[in-house]
Amino acid sequence: MRTFEILIEQNALGAVRPMAVAAHAPVSALVPAIVDELKLPQTDLFGNRLVYLLRCAEDGSILSDDKSLAAAGINSGAKLALDSYVMDGSVATLMHKSQQSRQPSFYTSETMADSSLFPALGVQTSGSLPRVYQRKKGQWSRRAFLLLGGAVLGVGTAGLGYAAYHSFLSGATTGGMTTRLAQNITPAQSKPTTAPLTIPTGARAGLVFMQHQQIVRSVTWSPDGKMLGSGANDKQLLTWDVNGTVQLRLQQPASVHVVAWSPDGMLLAAGAANQITWLNAQTGAVLGQSTQDHTKTVTSLAWSPQQPARLVSGSADMHAIVWDAATFTPQTVFTRHSTPIEAASWASDNSTVATSSQGGAVRVWNASTGQEVHNFFLDAQLPMRALAFAPTGSQLAVGGDDGIVRIWNGLTCQVASNGQCMDMPMQMHGHTKIVRALAWSPDGRFLATAGDDGVLAIWYPAQSQTPLFKVNQDAPVLALAWSPGGKQIATASGNTVTIWGLQ
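First residue of the sequence shown: 8, per my numbering; consecutive thereafter.
Simulated from the structure, these hints should not be mistaken for lab results. By construction, the Cβ of each residue, glycine as well, lies at the ideal position given by its N, Cα and C atoms. Hints may be right or wrong, so weigh each one.
[To be verified] The calculated BS3-like cross-link candidates involving lysine-lysine, where the alpha carbons are at most 30 angstroms apart (straight line), are:
hint, residue 1, residue 2
1, Lys494, Lys233
2, Lys74, Lys86
3, Lys46, Lys86
4, Lys477, Lys440
5, Lys233, Lys477
6, Lys440, Lys494
7, Lys303, Lys440
8, Lys494, Lys477
9, Lys440, Lys242
10, Lys74, Lys46
[To be verified] Distance ranges between label pairs, derived from CB positions:
hint, residue 1, residue 2, range
11, Pro25, Asn373, 30 to 36 angstroms
12, Met217, Asp331, 33 to 39 angstroms
13, Asn240, Phe476, 27 to 33 angstroms
Could you put together the complete structure from these sequences and hints?
Right, dumping it as structure tokens:
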């Protein structure tokens, strides 16, 4: 049996895994074996069956499933990649974006939306998709054509890393970049079916809220999108509706650095000086308070996305604490940072937290155990003041004092050295000064960033490293929040909060 080695791309940063395969085995038999070997998921988050297609990493062309690699002109040493689709009845849903270059200075690539990559995709694939995942066991045995081609670091996590990027990260960020396959293609995360993706091209200022007397440091939306909360140096925590009518005016012991509305809409958490206060969002009644657990200013608060409800706080005392939202008591204290913590965020898995610090270290850790998930990221030794996991997938966006926005696959590390993860982030340049705030759109496709240059920038990271557009404000923007509906963004600049309508 003739064999040769191929290289299977394992994540968006270009890591590959060598495999020895039978040259004359049909692609329809090779694909399930590769999926098994990499331990890739069989279903998506909604339980729909996943189907994988094999393509050339270099030009993006899909390999016909009724041909062998040799017949398709694939040579030993070729780099291939798997694309994942959702099989939902007769509908195949595209979930994948073409791999990004590993070069740190250039992270852009053609995607599966580019019709030039698929001159005959409908002809080759329509009607043959089921054969990709319905393996004919009687005709082919996996060991008959698939052998591991050399040792690979982190075999157990390699499949997880690949799945995180392709089934979660890419699927969550490429909703508008799809091409018709068997006449039925819809964004993978749009279940139930939603309107086609609209890419914003600008923003128009609507309400300008001016009820604070000093600099506003934090802004948050209620989960139903009807209310906002804001905190400022005037020691006031205000809640107000989208028309600017104040509902609650709550005096705090010091400047309010951060405010966060719980996902169920019932609670507000506020950080003022070293204190954290939990309040009833409807009445303003104080439900719990921590006055001694942090010894310096609370700089960040973030609620877990799912039940059981937990809150993570980060502080200038270099500690992060995970709180039980039912009892307002500490569950986990994370002490691995050596400089003040600037930001904290939960991953969509509801168990992983990322924190960033003034020293530039970004650490990813388990909220229940306090153990780090992998080695820390460090792309520059300067403050990283803004950080956010995408609401779906594993993208972790970080904003630094150098004005650069960095995006990592936050849940995995492909290359580690001396305790540090050496994976190169995507770098996006759009600010000239410190990035103070960033937030993902609710569907995880777009990213909003802002900072000391007074610029609000909107990005589509899956498509480009260049902002879709920028909006200039007259003063540094210290905070921003995306509305739950995804159509508006609130920014805090000076003593005002502006609600921008995306166009």
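To see whether the hints hold, each was checked on the structure:
Distance hint between Lys494 and Lys233 is fulfilled; the C-alpha atoms sit about 13 angstroms from each other, no more than 30 angstroms. At roughly 17 angstroms between alpha-carbon atoms, Lys74 and Lys86 fall within 30 angstroms of each other, so this suggested pair holds. Taking the CA atoms of Lys46 and Lys86, the gap is near 19 angstroms; set against the 30 angstroms cutoff, the hint holds. Between Lys477 and Lys440 the alpha-carbon distance is near 14 angstroms, which keeps this suggested pair within the 30 angstroms criterion.
For the hint pairing Lys233 with Lys477, the CA-to-CA distance comes to about 26 angstroms; that is within 30 angstroms, so the pair holds. Taking the CA atoms of Lys440 and Lys494, the gap is near 26 angstroms; set against the 30 angstroms cutoff, the hint holds. For the hint linking Lys303 to Lys440, the alpha-carbon distance of about 26 angstroms falls within 30 angstroms, and the restraint holds. Taking the CA atoms of Lys494 and Lys477, the gap is near 16 angstroms; set against the 30 angstroms cutoff, the hint holds.
In summary, the hint linking Lys440 to Lys242 is supported, as the alpha carbons are separated by about 27 angstroms, within the 30 angstroms threshold. Taken as a hint, the Lys74 and Lys46 pair is honoured in the structure, with Cα atoms around 24 angstroms apart against an allowance of 30 angstroms. Evaluation of the 30 to 36 angstroms hint for Pro25 and Asn373 yields a pass: the beta carbon distance comes to about 31 angstroms. For the pair Met217 and Asp331, the supplied restraint of 33 to 39 angstroms holds, since their beta-carbon distance comes to about 37 angstroms.
The hint said 27 to 33 angstroms for the Cβ distance between Asn240 and Phe476, and at roughly 30 angstroms that hint holds.
Comparing the model with each earlier hint shows no violations; every hint is respected.
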